[in-house]
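**Student:** Each chain, letter by letter, is given below.
4 protein chains.
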Amino acid sequence: MNKNRLEAFSDGVIAIIITIMVLELKVPHEPTFAALSELAPVFLSYVLSFIYVGIYWNNHHHLWQMGKQVNGRILWANLHLLFWLSLLPFATAWSGETSFAELPMAAYGFVLWMAALAYFILVRAMISHHGKESALAVAIGNDFKGIVSLIGYTVAIIVAFFNPLISLGLYAAVAMHWFIPDRRIEKTIGR
Amino acid sequence: MNKNRLEAFSDGVIAIIITIMVLELKVPHEPTFAALSELAPVFLSYVLSFIYVGIYWNNHHHLWQMGKQVNGRILWANLHLLFWLSLLPFATAWSGETSFAELPMAAYGFVLWMAALAYFILVRAMISHHGKESALAVAIGNDFKGIVSLIGYTVAIIVAFFNPLISLGLYAAVAMHWFIPDRRIEKTIGR
Amino acid sequence: MNKNRLEAFSDGVIAIIITIMVLELKVPHEPTFAALSELAPVFLSYVLSFIYVGIYWNNHHHLWQMGKQVNGRILWANLHLLFWLSLLPFATAWSGETSFAELPMAAYGFVLWMAALAYFILVRAMISHHGKESALAVAIGNDFKGIVSLIGYTVAIIVAFFNPLISLGLYAAVAMHWFIPDRRIEKTIGR
Amino acid sequence: MNKNRLEAFSDGVIAIIITIMVLELKVPHEPTFAALSELAPVFLSYVLSFIYVGIYWNNHHHLWQMGKQVNGRILWANLHLLFWLSLLPFATAWSGETSFAELPMAAYGFVLWMAALAYFILVRAMISHHGKESALAVAIGNDFKGIVSLIGYTVAIIVAFFNPLISLGLYAAVAMHWFIPDRRIEKTIGR
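Chains as they are written, first to last, in the numbering used here: chain A, -1 to 189; chain B, -1 to 189; chain C, -1 to 189; chain D, -1 to 189.
Since the hints were derived computationally from the structure, they do not count as laboratory data. Virtual Cβ for every residue (Gly too), placed ideally from N, Cα, C. Be careful, since some hints might not be right.
[To be verified] In silico DSSO-like cross-links for lysine-lysine, where the CA-CA straight-line distance does not exceed 30 Å:
| id | chain 1 | residue 1 | chain 2 | residue 2 |
| --- | --- | --- | --- | --- |
| 1 | B | Lys1 | C | Lys130 |
| 2 | D | Lys1 | C | Lys66 |
| 3 | D | Lys66 | C | Lys24 |
| 4 | A | Lys143 | A | Lys1 |
| 5 | B | Lys66 | A | Lys1 |
| 6 | A | Lys143 | A | Lys130 |
| 7 | C | Lys143 | C | Lys130 |
| 8 | B | Lys66 | C | Lys1 |
| 9 | A | Lys1 | C | Lys1 |
| 10 | A | Lys1 | B | Lys24 |
| 11 | D | Lys1 | A | Lys66 |
| 12 | C | Lys1 | D | Lys24 |
| 13 | A | Lys66 | B | Lys66 |
| 14 | B | Lys66 | B | Lys143 |
| 15 | D | Lys66 | C | Lys66 |
| 16 | B | Lys1 | D | Lys1 |
| 17 | B | Lys24 | C | Lys24 |
| 18 | B | Lys1 | A | Lys66 |
| 19 | A | Lys1 | B | Lys1 |
[Unchecked claim] Short derived list, chain A residues pointing at chain D, Cβ under 8 Å:
| id | residue |
| --- | --- |
| 20 | Glu5 |
| 21 | Ala6 |
| 22 | Gly10 |
| 23 | Ile16 |
| 24 | His27 |
| 25 | Gly52 |
| 26 | His59 |
[Unchecked claim] Covered by chain A, according to a simulated footprint, are these stretches of chain B (three or more residues, beta-carbon under 8 Å):
| id | region |
| --- | --- |
| 27 | 19 to 27 |
| 28 | 30 to 44 |
| 29 | 89 to 100 |
The following block holds chain A by itself, in its conformation from the complex (with noise of 0.2 Å):
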């Protein structure tokens, strides 16, 4: 089975996920810069989230440079992790709507916690199915960086009750650490 229609038709998804987030930037009738800055927190929710995205589809291009073959688990492994991506809009239209209250803030951090635990689990399929001696497996070796983005999240969903800013500022540090594409896997294709 080939990678290839797996690959084209994530790309598929992530594109329109990270296009219809712009659809929540709802178009003031009032050509004014009150009307305008009234949609800020929609626009910052706007730009973080379309980081997130760019990181997932980041990593996930960097992910399948070392993935050879596709099977029915690694198949629905992705699905599940563009099922979590897919509510990403959802958590940053609520959130920017609400200006980052309370409650939205932690859904956004649940939906971001499930997308990584998603992205763990197509990571094992796929070592899974390649051999714990391919070069994806070591090149992935112990995830350090998936483990703290956890830790992160998780953090941030409680700090979420108590000041929402703190958390959203969280979410931003473990956007910024996930910045740099998977160094990981670029040192390993680079030998």
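Once you've looked at the hints, dock chains B, C and D against the given chain A.
**Tutor:** Then chains B, C and D, alone, in the frame of chain A:
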């Protein structure tokens, strides 16, 4: 004629279908659990339909692994399948909005019925083009799973008018039964 | 310059056009047959436009089987075609919303007219680039089918102001006449 | 690392951007010329933005003809460009909705300015990766056209606050000036 564009176009349409369904999860204005829990039926119908579209994409992927050529009839049979899949977001949203009322649940089943029929017609068009002795025809064999699904949908449509929640359970059961991609083809490829 | 990206981009745009039309099927709040039957004209216009977009995708697919190269003029001729196709969802929704009123039906024909003209310009740009002796030019020959369509649209636009339902019938008739993909090209490829 | 997925993903995002803009053409309830003519400014802004997105797609296409490799920095420079392009539908709709009012026209120019800057950064990232002696670097040369555009946008943004229609004319003029795909690259490929 080559199959790559047909696959790419189908991937595009299916990627959009699977993603626009999430737009029905209307962003609540209130940042409360009550507002979130009101979305439960819409969310549940989204999950079910995501799985169904995922199943179709998986099976389409498997089918075209074996398909080598395209002709005019196959092109239209494929578009016909995409047409019925494109109605799934509507049926999904209607079911969710009305909290699984009678008619919407029957309509949901009708769309699944027609999509299954369209898939069947596509398979026949491909077998008649590739020949009865082709790997494709051998791999498909007698379409037992497809027939079971049609029976399941038919029962679910009738039951919908009496107890739409049983009907919902039947749609979920058929989805479970398709969850694993078509072993018949996988086995033949594996040889 | 290679044609793959042009095909992929066109597929993406056409896939989106064909799918967003379904968003005009606004989900009714009532789970009743009455609510569903109110959607009949919108649904009917969706079916017709789905077939038209399908025809364009099929013919585009056939055309580019024979096209080998791309230049700046061909790129823009292709974008020009996509522009007019992108207006089809608007014309479709307007026709459906107004239950096939006079002006919307004429507007529908106008969009089809311009799309047909854009297709004609694209074909000319491709022939002038590939040469009058190219397989493409030979396969196209005199564009009888295209001319018949333009006459059909012209009549339908005029008739729309007197009896828009006859006009609808004419659009359906032209669609039927294009249903079968361009035999001229298929024959030449088959040789 | 290969460039195919980057191209495919960019194509997907650009295809969606160019298509969702048409959703701002809200379907009128009345089947009259009056209702249609009210849409004129929205339609005009759609045409202009369609051409701009088309120009970016064309230039992106030309640029990647010469690009051979991708690294993390190029991936993010490309996503950065897509981010600003994704704001064009918003700026377009705002301009159209307010019939080309002062602030929206300035915002439109700001988005174009940032997209042009993002394109410039992408080109620099690609040249620094491929080397100053690469065909890409030679083909780009001194980016005269890009500088002229930035000057045009800057003037248009300032003028927008005094006479937004002159500003609109300037955006149209810059678009005309980019209409023809980048001859510099075409010439180098043609050699």
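**Student:** Each of the hints needs a verdict: does it hold here or not?
**Tutor:** Quick rundown of the hints versus the structure:
Only pairs whose Cα atoms come within 30 Å are accepted, and Lys1/B paired with Lys130/C is accepted, the gap being roughly 28 Å. The suggested pairing of Lys1/D with Lys66/C holds, with an alpha-carbon distance near 21 Å, which does not exceed 30 Å. Restraint check for Lys66/D and Lys24/C: not satisfied, since their Cα atoms lie roughly 46 Å apart, outside the 30 Å limit. With a CA separation close to 26 Å, the supplied pair Lys143/A and Lys1/A stays within the 30 Å bound.
Our distance criterion of 30 Å between C-alpha atoms is met by Lys66/B and Lys1/A, whose separation comes to about 17 Å. Distance restraint check for Lys143/A and Lys130/A: the Cα-Cα separation of roughly 20 Å lies within the 30 Å cut-off, and the hinted pair is therefore satisfied. As the CA atoms of Lys143/C and Lys130/C are separated by approximately 20 Å, the hinted pair is consistent with the 30 Å bound. In summary, the hint linking Lys66/B to Lys1/C is supported, as the alpha carbons are separated by about 21 Å, within the 30 Å threshold.
With a C-alpha separation of about 22 Å, the suggested pair Lys1/A and Lys1/C falls inside the 30 Å cut-off, and the hint holds. Proposed proximity of Lys1/A and Lys24/B is contradicted: the alpha carbons are some 34 Å apart, above 30 Å. Distance check on the hinted pair: Lys1/D and Lys66/A sit about 17 Å apart at the alpha-carbon level, within 30 Å; holds. Between the alpha carbons of Lys1/C and Lys24/D the distance comes to roughly 34 Å, so the proposed pair goes past 30 Å and is violated.
Proposed proximity of Lys66/A and Lys66/B is supported: the alpha carbons are some 22 Å apart, at most 30 Å. This hinted pair checks out: Lys66/B and Lys143/B have alpha carbons roughly 23 Å apart, not beyond 30 Å. Between the alpha carbons of Lys66/D and Lys66/C the distance comes to roughly 22 Å, so the proposed pair stays at or under 30 Å and holds. As the CA atoms of Lys1/B and Lys1/D are separated by approximately 22 Å, the hinted pair is consistent with the 30 Å bound.
Distance hint between Lys24/B and Lys24/C is fulfilled; the C-alpha atoms sit about 14 Å from each other, no more than 30 Å. Restraint check: the Cα-Cα separation between Lys1/B and Lys66/A comes to about 21 Å, which is no more than 30 Å; the hinted pair holds. For the given pair, Lys1/A sits about 16 Å from Lys1/B by alpha-carbon distance, which is consistent with the 30 Å threshold. The beta carbon of Glu5/A is positioned within 8 Å of a beta carbon in chain D (closest approach about 6 Å), and the interface hint is therefore held.
Interface restraint check: Ala6/A against chain D, minimum CB-CB distance 6 Å, threshold 8 Å, status holds. Interface hint at Gly10/A: satisfied, since its Cβ lies 5 Å from the closest Cβ of chain D, which is below the 8 Å cut-off. The restraint placing Ile16/A at the interface with chain D holds, with a minimum CB-CB distance near 6 Å, inside the 8 Å limit. Look at His27/A: its Cβ gets to within about 7 Å of chain D, closer than 8 Å, so that hint holds up.
Interface restraint check for Gly52/A: the shortest CB-CB distance to chain D comes to about 5 Å, inside 8 Å, so the restraint holds. Hint status for His59/A relative to chain D: holds, with the closest Cβ pair at about 6 Å, below 8 Å. With 6 residues bearing a CB less than 8 Å from a CB of chain A, the region 19 to 27 of chain B meets the requirement of three and the coverage assertion stands. Residue count for the region 30 to 44 of chain B with a Cβ under 8 Å from a Cβ of chain A: 3. That meets the three needed, and the coverage hint holds.
Only when three residues or more bring their CB closer than 8 Å to a CB of chain A does the claim for the region 89 to 100 of chain B stand; here the count is 0, and the claim is violated.
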